[in-house]
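Take the sequence shown: its position 47, counted from the start at 1, is 47 in full-length UniProt numbering, and no numbers get skipped.
Because the hints were derived from the structure by calculation, they are not lab data.
Keep in mind that the hints are not guaranteed to be accurate.
Pair ranges (Cβ atoms, derived) [unchecked claim]:
1) 5 to 29: 16 to 22 Å
2) 69 to 41: 27 to 33 Å
3) 35 to 69: 20 to 26 Å
4) 12 to 68: 27 to 33 Å
5) 75 to 19: 32 to 38 Å
Built from N, CA and C at the ideal position, the CB exists for glycine as well.
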Amino acid sequence: MVSDTDVLRYLSSLDYPAGRDDVLRQAEREGAPPEVLRALRALPPVDYANGREVARSARIDAAPEVDPAQRAAQAREPHTRVAQHLRRI
1 MVSDTDVLRY LSSLDYPAGR DDVLRQAERE GAPPEVLRAL RALPPVDYAN GREVARSARI
61 DAAPEVDPAQ RAAQAREPHT RVAQHLRRI
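The whole structure should be built from the sequences, with the hints applied where relevant.
What follows is the structure, encoded as structure tokens:
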């Protein structure tokens with residue numbers, strides 16, 4: 001998966017609002033790698049007001065710094081909706 005930073009790197013010169021096709025064309029012009037283009041091709045066909053909306057709508061890894069083992073450990077841990085500082089009480 002790609003991160004939002006990866007996606008936004010190739011859209012820095014895009015004028016908004018922009019549609020999905022505009023976003024994809026800009027990324028292709030900027031030389032985006034295949035994984036970024038794949039994420040952008042999956043965007044819903046709507047107009048985007050800014051790069052943050054594009055990044056939110058793209059299928060990206062929201063937390064690339066968390067490795068798969070950490071994700072698995074977090075998924076197994078009970079009470080995932082309780083703030084971390086309250087778990088130790």
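Taking the hints in turn, this is what the structure says about them:
1. Against the hinted window of 16 to 22 Å, the Cβ-Cβ separation of residue 5 and residue 29 comes to about 19 Å, which satisfies the hint.
2. Checked against the given bound of 27 to 33 Å, the beta carbons of residue 69 and residue 41, roughly 30 Å apart, stay inside it.
3. In this structure the hint that residue 35 and residue 69 lie 20 to 26 Å apart at CB holds, the actual value being about 21 Å.
4. Checked against the given bound of 27 to 33 Å, the beta carbons of residue 12 and residue 68, roughly 30 Å apart, stay inside it.
5. At about 36 Å, the beta-carbon gap between residue 75 and residue 19 stays in the expected band of 32 to 38 Å.
The earlier numbered hints are all upheld by this structure, with none contradicted.
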